[in-house]
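Peer 1: Chain B with the ligand: place on chain A using the hints.
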Amino acid sequence: MKEVVKCECGHVNPHGTILCESCGRVLDETQKNSKMIDMRYEGSARRSQTYNKSMIDKIWNFFTSVKVGVSLIVILLIASSVGTIFPQEQYIPPTELPEVFYEAEYGFLGKLYYLLGFHNLYSSWWYLICIAMLGTSLLIASIDRVVPLYRSLKKQKIARHEGFLKKQRIFGITNTDKQASDFEEIKRSLESRRYKVKEENGNLLAEKGRFSRWGPYVNHAGLIIFLIGGMLRFLPGMYVDEVLWLREGETKEIPGTEGQYALKNNQFKVEVYDKENEEDQTFNAAIDKVGTIVKNYQADVTLYEKEGNSLPGEDATLKKIKDHAVKVNFPLKHDHYALYQVDYKLDELSEMSFNLMNKSTKETFGTMTISLDDPKTMYELKDGYSVELMSYFPDFEFDENQEPVTKSRIPNNPAFIFNMKTPDKPKGEVSFVAIQQTLEPLGENTYKMAFAGVDTRNVTALTVRKDLTLWIFFVGGGIFMIGVIQGAYWNHRRIWIQRKDGEIWLAGHTNKNWHGLKRDISMILEGTNLNEPEDQLEAKHIGEKEK
Amino acid sequence: MAELSANLLYASFVLYLVGTFFFGGAIKEKKGASEKQQNKWAMIAIYLTVLGFVSQLGYFITRWIASGHAPVSNLFEFTTFFGMMLIAAFILIYFIYKTPALGLFALPIALLIIAYASMFPREIAPLIPALQSDWLHIHVTTAATGQAVLAISFVAAILYLVKSVDQTQKSKKTAWLEVIMFTMVATLGFIIITSTFSAMDYKANFTWMNKYDKEDVFEYHLPALIGPHEGVLMTEGKLEPLVKMPAIIDANKANTVVWSLFSGIILYGLIRLIFRKRVAAIFKPLVKNVNLDLVDEISYRSILIGFPIFTLGALIFAMIWAQIAWTRFWGWDPKEVWALITWLFYAAFLHLRLSKGWHGEKSAWLAVVGFAIIMFNLIVVNLILAGLHSYA
Ligand code: HEM
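Residue numbers (my numbering), protein chains in the order written: chain A, 1 to 547; chain B, 1 to 392.
In isolation and in its complexed conformation, chain A is listed as follows (with noise of 0.2 Å):
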């Protein structure tokens, strides 16, 4: 059975109530001897505070706690900002490992700083249960309120009981003979300022900005569907990242669209401010004091679509969509992807040119160009000379044993090895050519590959994105904003009014900013004979300080 606390005024209020939701008369012992109430939700009955026995509702009544929901804020302070005392492991330089990069860089508390699992604290386990909890209590702790809070804001009556008005902040009794007169006047002027004025046997409630005290719990709504955008980002297909790094002439299929669009690189370059041009002339001062500053990184590339199913292997057909130069701050976007310029490489080596040469004469036998990404294995010179890349090893290095490796498939420091067959030595020499740098494993050779040009090209590095959730982010951001305005630049402010045998009585009550509501009620009053309240806090401090 449900338990109810049935008030003198008739009205049946749900068990728990403080003050009565339609008369305003204190119902709780405790409120009794204070000589003000504490008018915070307007003493409803509050489940948390009402019950306080099962399981549920020790939980319900922790998560409801605003002690804990400021300590679970403070606790997410704290760490967070413990998080940005050294880098965390995204922002350190991606060829060095953790575990020695932190020590190395900031000594014995960097170490310290590692081995506490700081480095990647925003997504260590407890930080994201201390925001799940955050969001747990954001929920529970509006719906706690706003429920007994809607029904006391809707039925309040217009006559309050004695009590519930000398109990008020704002609180003053004016003996008038004058009583029906300024009564009129005071209404009108209520209504000329905008308060809502509802009248009731001689007795006025004149409220304005009821409005306001939904604010937090739409600011709190919007908080929650911003985290629930964090879960979703969790879901597999919400959300895509993948780099792409494209050199300039080349055309590959963008990663994370399950093969449906490639990209081109057309062109990619880097500019800088420069002094001579006219329009850099204001910024020379800066220039010369930093050098160079970059202006502008760019990207010109065609984006294609691919038609048709094409069989592993086989080349789809492209069918072209549009061309977009990709600038920092302007990227590509299209259904659903979006295309950002995050790093480039200049100068990547695409091509060498040798010319095969006689050491002794320096008679050369022709040229041949090697295409660093592709190379051939047979390159036909002169009748009779031709040359055959036995190894070619891309970025080289020699490994513990003396033996030619390459570290990688980039191009960054290229070697060959070449077998030179000509009319002279038809089983052909062996020389093995890097970059400044040519040996004859097996004895000295007549001929030789002599370096004649490279030709490169720029690289560009773009971030592939997808993310469905953004529009959730989008409109709890936006719910938050509303609920933060609504409830902080509007205030609830209610003036109740009074007649009674040959007095007025006047209380007023606003959730903020007195200042405003004490001066709404000075200006209401002038050119009637009331006297302005008593602004009861301020009293008792004077009071205080008298003693």
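If you're looking for bench data, these hints aren't it; they were derived computationally from the structure. Built from N, CA and C at the ideal position, the CB exists for glycine as well. Warning: the hint list may mix true and false statements.
[Claimed, not checked] Straight-line C-alpha distance at most 30 Å; calculated DSBU-like pairs for lysine-lysine: (1) 203/B / 540/A; (2) 327/A / 275/A; (3) 269/A / 295/A; (4) 407/A / 362/A; (5) 356/B / 53/A; (6) 98/B / 187/A; (7) 540/A / 173/B; (8) 203/B / 275/A; (9) 187/A / 166/A; (10) 512/A / 203/B; (11) 362/B / 35/A; (12) 111/A / 362/B; (13) 540/A / 98/B; (14) 214/B / 111/A; (15) 362/A / 448/A; (16) 155/A / 356/B; (17) 540/A / 284/B; (18) 67/A / 214/B; (19) 166/A / 362/B; (20) 264/A / 252/A; (21) 35/A / 277/B; (22) 382/A / 448/A; (23) 32/A / 362/B; (24) 196/A / 98/B.
[Claimed, not checked] Derived list of chain B stretches under chain A, where covered just means 3 residues or more per stretch with a C-beta under 8 Å from a C-beta of chain A: (25) 138-144; (26) 272-282.
[Claimed, not checked] Far from chain B, by Cβ distances over 10 Å, these chain A residues were calculated: (27) 26; (28) 84; (29) 104; (30) 214; (31) 280; (32) 300; (33) 305; (34) 321; (35) 340; (36) 384; (37) 513.
Peer 2: For chain B with the ligand alone, kept in the frame of chain A given last:
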């Protein structure tokens, strides 16, 4: 144009300075301290402040025209803008509450901030690609405006504490209040020292061994009390360092910190010697007509006004921009994290005030901490915790 701009900034600085004295005059007069009757001094003071603000707005606009982008793109520009918005927020609050005493504290703090800003390089610099976005202007200006309005709560809190803390006996409160005062004096000291040596064009070069055991060069603009790791002075006739730092500490920055503390201590010591009182006690007579409840409300009100602006600028606009420029709206970069910390802190403040009834003095101390976080984000995060946002 650039020169005009610099002169306008200079003019506004002088106007604020003069305005401060008029606010001082305004509260000396018995009337006028209450909102109903503004006295002549207060009228002139607020008039000067508005004029100064207009002049600074002129600086902002002319510099914008000269550089082709909103001047909020480096530490000098951002910090001056913050100072300007602090004045704007003060003017707004003044017209609501009419409290000249607030001006007596708001203006000097804005002056300190603007002077501090001008210690950074002032050349008009072009925008690097990451900053070439309208969102730069939108995000930075709203964030700074939010912070400036929040900072007014600190100004009001100082006023509150100067009046409410009992100066007749030594206590924890008097000590903490002196820490705040000392910080401001040390900022002043830093400004004096830095501009003195920069006027003398002091430069001392050091070669030193960095933490990778590579030789590196430092240019000092203050005499090196603290030298770098295995530092060798390359400029003749300059001070040899008194101590040397290990390689993992940036000795140049440490040296600046030591100089600021050092000049702060001397300056603070002098003030104490001359007045034979705590600094907060010197100000106390100035605020005797202040209504504490009203000041408390101003402090709370400015947080209420500032919090939504800050959220919009420093979190929401920031996220929108980060999504466009850095491919993700949130990346746990130190500057981002500190914006989040600031936001969480003020959220905690609002909850404590609303639900735990933290009014008056408690609330004032919290407002001080909030401002400390804002300043930390502005200075320490930019200069020391380098990240994507690091301007310097
Ligand atoms: C970071 C997270 C949070 C933010 C930004 C936030 C924001 C706010 C704001 C701006 C207000 C209005 C305050 C005022 O008007 O002075 C508010 C009120 C409130 N918040 Fe939160 N809040 C957060 C988390 C929480 C949590 C975790 C709880 C759980 C206990 C909570 C419970 C409340 C309550 C009970 C109110 C008062 C509602 C009322 O009195 O009508 N908040 N919140």
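Peer 1: Now tell me, hint by hint, if it's right for this structure.
Peer 2: Evaluation of the provided hints:
{"no.": "1", "hint": "203/B / 540/A", "result": "violated, 62 Å"}
{"no.": "2", "hint": "327/A / 275/A", "result": "holds, 22 Å"}
{"no.": "3", "hint": "269/A / 295/A", "result": "holds, 11 Å"}
{"no.": "4", "hint": "407/A / 362/A", "result": "violated, 34 Å"}
{"no.": "5", "hint": "356/B / 53/A", "result": "holds, 25 Å"}
{"no.": "6", "hint": "98/B / 187/A", "result": "holds, 29 Å"}
{"no.": "7", "hint": "540/A / 173/B", "result": "holds, 24 Å"}
{"no.": "8", "hint": "203/B / 275/A", "result": "holds, 26 Å"}
{"no.": "9", "hint": "187/A / 166/A", "result": "holds, 21 Å"}
{"no.": "10", "hint": "512/A / 203/B", "result": "violated, 55 Å"}
{"no.": "11", "hint": "362/B / 35/A", "result": "holds, 23 Å"}
{"no.": "12", "hint": "111/A / 362/B", "result": "violated, 38 Å"}
{"no.": "13", "hint": "540/A / 98/B", "result": "holds, 24 Å"}
{"no.": "14", "hint": "214/B / 111/A", "result": "holds, 22 Å"}
{"no.": "15", "hint": "362/A / 448/A", "result": "holds, 10 Å"}
{"no.": "16", "hint": "155/A / 356/B", "result": "holds, 27 Å"}
{"no.": "17", "hint": "540/A / 284/B", "result": "holds, 23 Å"}
{"no.": "18", "hint": "67/A / 214/B", "result": "violated, 52 Å"}
{"no.": "19", "hint": "166/A / 362/B", "result": "holds, 28 Å"}
{"no.": "20", "hint": "264/A / 252/A", "result": "holds, 7 Å"}
{"no.": "21", "hint": "35/A / 277/B", "result": "violated, 41 Å"}
{"no.": "22", "hint": "382/A / 448/A", "result": "holds, 15 Å"}
{"no.": "23", "hint": "32/A / 362/B", "result": "holds, 28 Å"}
{"no.": "24", "hint": "196/A / 98/B", "result": "holds, 29 Å"}
{"no.": "25", "hint": "138-144", "result": "violated (count 0)"}
{"no.": "26", "hint": "272-282", "result": "violated (count 0)"}
{"no.": "27", "hint": "26", "result": "holds, 19 Å"}
{"no.": "28", "hint": "84", "result": "violated, 4 Å"}
{"no.": "29", "hint": "104", "result": "violated, 7 Å"}
{"no.": "30", "hint": "214", "result": "holds, 15 Å"}
{"no.": "31", "hint": "280", "result": "violated, 7 Å"}
{"no.": "32", "hint": "300", "result": "holds, 15 Å"}
{"no.": "33", "hint": "305", "result": "holds, 22 Å"}
{"no.": "34", "hint": "321", "result": "holds, 21 Å"}
{"no.": "35", "hint": "340", "result": "violated, 4 Å"}
{"no.": "36", "hint": "384", "result": "holds, 54 Å"}
{"no.": "37", "hint": "513", "result": "violated, 6 Å"}
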